[in-house]
Amino acid sequence: MKKILSILSAALIITSVVSAQKLDRSKRPAPGAAPEIKLGEIQSFTLENGLKVFVVENHKLPKVAFSLSLDFDPIMEGDMVGYTSMAGELLSRGTKNRTKDEFNQQIDFIGADFYPSANGIYAGALKKHQEKLLDIMSDVLMNADFKQEELDKIKKQTLSGLQTSKDNPDEIASNVRSVLVYGKNHPYGEITTEETVEAITLEKCKEYYKTYFKPNVAYMAVVGDITLAEAKPLIEKYFAKWEKGEVPTNKYRTPLAPKETKVAFVHKEGSTQSVINITYPINLKQNNPDVIKAKVMNSILGGGSTARLFMNLREGHGYTYGAYSSIYPDELVGSFKASAKVRNEVTDSAIFEFNNELKRMITENVTAEELEGVKNYMTGTFAYTLQDPQTIARFAINTVKYNLPKDYYANYLKNVAAVTIEDVKAMAEKYIKPDNAHIIIVGDKSVAESTARFSAGEKVDFYDTYGNDYVEALKPAGEGVTAQTVLDKAILAKYGLPKGKALDKKLGKIKDLTVKMNASIQGQSISVTRYQKAPNKFAMVMAMGTMVVQKQTFNGTEGKVSGMQGNKTLEGEELEDMKLSSVMFDDVKDTKHTFTLLGIEPIDGKDAYKMEKVSPTGNKETEWYDVESGLPVKAMQVKESEEMGGSMVITSTFSDYKEVNGIKFAHKIGQSFGPQALDMEVLSVEFNTKVSDDTFE
Amino acid sequence: MRKILMSVALCAGIMSVQAQNKIEFEQYKLKNGMNVILHEDHSTPIVAVTVLYHVGSKNENPERTGFAHFFEHLLFEGSENIGRGEYMKLVQSNGGILNANTSFDRTFYFEILPSNQLELGLWLESERLLHAKIDETGVETQREVVKEEYRQRYDNQPYGTFLPQMFKRAFVEHPYQWMPIGSLEHLNQAKIEEFRDFYKTYYVPNNATLSIAGDFNKPQLKKWIETYFGSIPKGTREMNRPTIVEPIKKEEVRDVIYDNVQLPAVMMGYHTPAQGTPDSYAVSMLAQILSQGKSSRLQKSIVDEQQKALFVGAFPFPTEDPGMALMFGITNMGVSIDDLEAAMDKEVEKVQTELISDEEFQKLKNQIENDMISQNSKIEGIAESLADYAVYYGDANLINTEIERYMKVTKEDIKRVANEYFRKDNRVVLHYLPKSEDKSATEEK
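Protein sequence lines correspond, in order, to chains A and B. For the record, in the first sequence the residue sitting at position 636 is 636 according to the working numbering, with numbers rising by one throughout. For the record, in the second sequence the residue sitting at position 366 is 366 according to the working numbering, with numbers rising by one throughout.
Next comes chain B alone, as it looks inside the complex (with noise of 0.2 Å):
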């Protein structure tokens, strides 16, 4: 058996307080394919055993919308060797946590787990990858429970359905254009068969990465995971992997909602380049001049001395392949929603024309640091952005050294990306208005 062993190179020259900080990580690829990442921390008896499936919404068939983060329900509901309904009580009846989430990008399973039940994570997290259960009541009973989730999620929250209606309007070849609940309509077509199909397509190891952070002894788990893993046979069946790239928008897209809200809100959405390419970290800098902290840009100006919003920020919504950056307003009483979309324009505008000053340029960096660092606080944390840096960069370091990403970017940087990617033709804005002002629907009458 070949193990291929990364022993990491340490990356000399970094600031001196990330040096004193540095997670330590092994990672090797089994025989079948699945790539495992430990980091070792004895400080708390306790070990995060996560597994993260680079399958997520954008690998759907667009007809069958939903799949990926139906299995996130559906693969606790047990295995050939875990009765129904039993895998949420063996760890959480062992002193576990568990949970599990799904993106346009990937789905991510965890358990945290007290040390001494280290083995049974990861006979649960085999048991998940080899077989689990499909059948006819498992998928009838989460297809209602999803339904709540859709309910709860969009349907009965104000401005729920920001993200749904953003992305639909934004991507119409790409498949971020449906959000990873996707279609209940497709997930009660759906057979048997399909979902089978589709776990035996994604859930193979070679589409796996085993990230475990914690309270551990090495050699042991080492062979634990071969034990579990190693004999799981690798995947045949090809995966769609979505090629296609988003045409450029040749002029703004424009709607108005009708929903139940009672404040007027805006919410715009401007095509940005995917996660990890040099222009994404002047992207989501210029997101942080506009937004993080009340001393930023949209805080001080809109929400504070102009008192337009009651709420506004702008995020960047990072993506493996090109996403967006949105920003979002909700107006103070009595303003009108043009009045606060043309306040935010107003501030994108002077990031375009006037170069930010240094020392707003250092308080940029001083905020990376300290977010850089405090993401690290928490090993099941750790655990997933080794994952994530390995699975989306092919890089798990990045987890010391992504600071110097940031640290590349330049003043002329940001106004430059400001200019490139915050057009009004790259964009959708959306305003969510009061039921009581559809005027359409009372003439209908």
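Chain A extracted, bound-state conformation (with noise of 0.2 Å):
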């Protein structure tokens, strides 16, 4: 292996590029000679008892750091979710030589950092407080005391913090992400709740500290201001006394990602923005020699502000302050996750987006340009963490423990150089899986139907914030209430009569009715009218000044709509829709559907009937009905758009109620389509005009 000297070279680079020429401001300056990276000097040796050490000397600033990882096979806590992490904890709250107060002044008055884990310690202070560092550090290790009463401290501020983490949604889909991709029998899917800190022990604690913090599973490594000539007879100094122990070994099944796609959905109350994670299980380890490869398709993929799931969320779309994904490689099991915060309303857009995004990745091979920009990234972002000496030390740390080539960080910028086109396509076929993910949303539950489609079983699985399955609380109906008295009832709050001859008789009277509305839509006015003539006649029309934006009609047997993007003829499934749809009164003359009734939900605050309403083809539509007038609220149906590309979700709201010749109509209707919205305001309702046949051509 061939070590460059970077400090010459970059000295060398620029040369004689310098000209007295104009400036020209549209070429992009070319670069210089690419710079030789160079991977820093690490020096290693052995104690006795097993303690592996590194060194890596840098010696720009006067501080040194030293840091403990302990490597074994993960364990499970059991009904006691948390306690090794409070074992980490009571390391910083005094040993046999030193009580706690003792140690945090110790450790304040050199200004160290002294950071505790369950997997090891990092401390760091100025050079010359090094001896005194190491004093305290060896101490903990070796002579730890851990007393019932920080115990109960710990607990009470875990359970405290536990509080705080309800209101946060990251937090939230964190849990629910561990315990849907891992399993709740499996290390990484364990979940801290108020239940398994309450059962923690000392005993427990004291017996994991005796078992796992021992030399011959540790690894040191010393950076900064130090030689190994020096750092070598320190360490031994401190860490020789240390004893080796048997450690046990741990084997777990790989969970597996599910077989189709799921939606699990978190309610938070006052939610503003759905957390999104679309992510499950893959069979990664570091050592596999796809892990480079897998990690430039992820970039291209959401790797940063460039990629393709940022340019398109937040740059396309500005539905998020930032969407990205990840691949992360593991001994046990690795993961992909891509994530976003998305506003309320254009969650299932946004999920939507995703999907074409995961999908675009399979299917397509990805441009030239993109796969050299992203190359650049990685070779550029490399050269930037060796800029901290701790990376040179992780690097050596990680080639033990994972059991990589000698040379793979020496190695690993040639090998990102040598991924083609066709790896990135294979790495995606492998590792992107849109049919085989957890979709977990974290959000306001008015948003969850709307995502059901994304799930191969078209439902959305409710859970709590740590990850149990959760009933969405419907409240009952109650005694007496059925979809059939909702209906009703909603009929007599509409037109003041009940379903029957003498309404019949009303409504013959009206031949024919036309409605005229008035909406803005990004800051543009436009007209829409709506005409109905007896029996099924129907016509749309939206206008903007005179010039016609759209018309839906229905002539009683041909359904058309027409457009600024060209004409077209229903048929179908969508003209037998429009068939039911087009009867006026429908809700009265209509015997065609099927309703179910599901429960009381509030809607903007008041109780209202949730129905579920399916016509003779299978569509589906939720209908809400105000408990209180009876009348209707709120309507939401999925619909197939081939112009939007696939599956959107429109939702009307009903409101402001006002009477007309004794019928009752909405004066304010609300209509959203995927993240587009439109509020119309009703100007007039008039009855018998003699609306034209032609209208409806």
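Errors might be hidden in some of the hints.
What the hints assert, rightly or not - Okay, derived cross-link-like pairs now, DSBU-like style, lysine-lysine, Cα gap no bigger than 30 Å in a straight line:
1) A:K459 to A:K516
2) A:K27 to B:K294
3) B:K234 to A:K606
4) B:K411 to A:K22
5) A:K285 to A:K445
6) B:K411 to A:K132
7) A:K132 to A:K184
8) B:K218 to B:K234
9) A:K156 to B:K294
10) B:K294 to B:K250
11) A:K27 to B:K300
12) A:K128 to B:K300
13) B:K218 to A:K27
14) B:K222 to A:K38
15) A:K210 to A:K251
16) B:K346 to A:K639
17) A:K433 to A:K445
18) A:K237 to A:K214
19) A:K295 to B:K378
20) B:K346 to A:K156
21) A:K606 to A:K620
22) B:K365 to A:K27
23) A:K100 to B:K365
For the record, the hints were derived by calculation from the structure and aren't laboratory data.
Both chains are sitting in their own frames, so use the hints and assemble them into the complex.
Here you go:
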């Protein structure tokens, strides 16, 4: 392996590029010769007790850091989830030689950083304090003193912390993700809850510390203003006494991606955004030769602010502040995750775009330009991370820990450069699985139903904040209320009469109906007019000034949609549905739809009966009827639309009911379709104005 | 052409550890008034190109808040020679990383590039300064993005609205009353001409500091800087530099906010002097006594011994004009908010009445020494610090000497500032309570 000096080469790159010519700003400057990236030197030795030590010299700042990491198979915590991290915290609560206060005082006095955890300790300070720091660190490793009183404090803090997590949509998403992706009987699927915290015992924490904090499973990185000659006797002095021991090994079954895509929803009160995670486990260990290629693939998809997801969801649609994806290799089981936080009303549109981008990775080749850009980016960021001397230590430890080829990091950039367009596609085919994913959403439940279409079973599974199944709490509709009574009440409320001859007579007098509405869309004012003529002629005309933007008609047998995008004659199911919905006063005359009462749910703070309405062609619609007034207040349906490139959700709201000739009409109608919203205001409702049959052609 | 070369005078007599790690730099001005600072470091083949514009939310029209931050978004949309969306792509696909941030006082842009792409960085930044693209499409897209940023940062985060709620009560006259993210309504109302005016006013070389650190050849770099930036005309419009002084509070301001939180929290904001003033260093050390490290007073007493808080801290919030020092505490389960507030007050009172010990004072100094050295561990951090020191204090060399200002603070100073600024009539206190405790809401029904 050839190591090159970067310092010299960098100084030589730039020679005689300067010119006195006028600058042509339209030309992007050409890069100089690529600087050679040199990995820093690493030296290592092993103590008799098995502690492997790596030393990276870096004399830029008078600082030294000692970081110890333990390497053993993850363990299941069972009914005491959280105890290993509590054991980690207890490490900084005093030793047999130092009380907790003395320990804290001594660390702070030298301005040191000291972070113990379940899997090791990081300690750093100015070089002049290094001996003091090592003295404390070795004391903690060998003589930690776990006290019940301190465990109780940590438990109390943890329980309070769990309270605040309940408001944090990211933590909720992370919990549910753990459970769904890995399963509760896998160490990565265990979740800390109030119950598991209460169950934790001091004995368990002590046992963990005694069993797993052993030099023979530990790596020590010594990084900074120190030489090997200096480090070796110091480490000997402070850590040779640390006794080795047998550390248990563990094996786990490998979690699998779901057979088909599922939607998991957690309702969080007051959400203004939905947190979306599209995620599943993958079989990708660190030493798998796919890793670099898979990372290149992921970088193109969602690795940063020029990747496809970001460009689509943020820069293209403005749905989010950021959209990303990541691929994590892991010794036990890796994972893929694509995520964004989007405003409530575009939740389904955003998932739709995510799916498009995931599928595109599999079906299409990436461009040479994209691939080149990502390679450059990975090369550049690799060089950037070398600024931190800890990186070199990490490389050395990873090489041993994950059983990587010895020259893995030395060849890293060469292997990045070798990735081809075909490799990227192969990696996408292997690791991108939009049809085997968990789509996890934390947000307001009003948007949940719009996401059902993304699950293979077309349903949403609800979970609580800890990933337990949760049955959506629809209130029961109450004694004696059925779908029929709800519909009857709606008719009575709207027409002032129950179904029957009197009502038929009243409606029979109405030959035609014209409803004029005004709406604004993106600041433009448009007029919307709805015409209906007995028995089942229907027309809806949208116009901007005198220009007709869109027209939808049904003349009793034929249905058409015409507009600026062209004309279309309705056929098949679409025509059948049009035929049904064109019946004047269809709510009274309807016999073709079947209704099911689901329960009571609040709409804008007022209780409403939630009903499912299914057409003879199988199209489903959800409707809500106000419990108090009986009137319909909201409707929602999913429409397939080729123009939109797939399905989209259409929501309508009805309010401000006013009586016209003895019939109540909603005078405010809101409609949203995908990310678009339209608020319509009814200007007039007219009867029997002799609407010409031509209107419906 | 006359370049003002400010060779750096070495300050002798600093602590030995400082001399060893002195940050060398060169500073000069271009003819058009652009400030240039260069720090050479060849240890990694990367270079940080940064530009600081001395415009933040405090320079905004009160009817058009959020402009400075909005520009941080808008100015990635492209320029006459850079297509829409290409800005980020050019940096990343050439191996670089980039970002920007906006504060009350300034806007800061940076790229970290492989050293052979230095000229690209200069071109990109000069394009941003000379003729950025400001059109309806860009404004529309970024409006939506900023709205999402708002939701993510404030609305959808527990306690996320603490800062805006605090500053709007603390400042009634001074423009620190609004956050850099500003008002979404103002951004919606603003016309394209207003954005263009703002750009022409503040994005001018005489309001910019180009600070570059890393692996470069200095003579070559200086020629490039002249080529890319030297020809950009100086700005002529008047910049809004508010001189308004926030009137001194006569009594404590206190309020309750009901939010989607589970645990009650308290935030206190005390009016304190501007950054860089002698007292600001004493205030910063006071905050350190209270909450830096586990042996600090709030941690030891309130979190550990009394177990009243899940989290508690004190933070100076450095600003160019007189600003605030903040204290923030989240109650442990079952602890009342008043109880936590009283415990925090008690710790402040102790500093007000008892002089701190020599040992504790030495601890502060050791911590500062560690912090000051650690802040120079990355080239981008060095470039940013140099620019900040140059713009705020007119002395970039404070990167080497600011520690002396801390060392001048005495134990008596700390006690004095605790009494002078951490007064009840000089503060705003906010309580955050769970919505379920909002009695007024239920009574209304």
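Status of each hint after checking the structure:
| no. | hint | in the structure |
| --- | --- | --- |
| 1 | A:K459 to A:K516 | violated, 37 Å |
| 2 | A:K27 to B:K294 | violated, 55 Å |
| 3 | B:K234 to A:K606 | violated, 61 Å |
| 4 | B:K411 to A:K22 | violated, 60 Å |
| 5 | A:K285 to A:K445 | violated, 37 Å |
| 6 | B:K411 to A:K132 | holds, 26 Å |
| 7 | A:K132 to A:K184 | violated, 43 Å |
| 8 | B:K218 to B:K234 | holds, 24 Å |
| 9 | A:K156 to B:K294 | holds, 17 Å |
| 10 | B:K294 to B:K250 | violated, 35 Å |
| 11 | A:K27 to B:K300 | violated, 60 Å |
| 12 | A:K128 to B:K300 | holds, 26 Å |
| 13 | B:K218 to A:K27 | holds, 23 Å |
| 14 | B:K222 to A:K38 | holds, 27 Å |
| 15 | A:K210 to A:K251 | holds, 21 Å |
| 16 | B:K346 to A:K639 | violated, 63 Å |
| 17 | A:K433 to A:K445 | holds, 26 Å |
| 18 | A:K237 to A:K214 | holds, 17 Å |
| 19 | A:K295 to B:K378 | holds, 26 Å |
| 20 | B:K346 to A:K156 | holds, 23 Å |
| 21 | A:K606 to A:K620 | holds, 24 Å |
| 22 | B:K365 to A:K27 | violated, 52 Å |
| 23 | A:K100 to B:K365 | holds, 22 Å |
Comparing the model with each earlier hint shows violations of hints 1, 2, 3, 4, 5, 7, 10, 11, 16 and 22; every other hint is respected.
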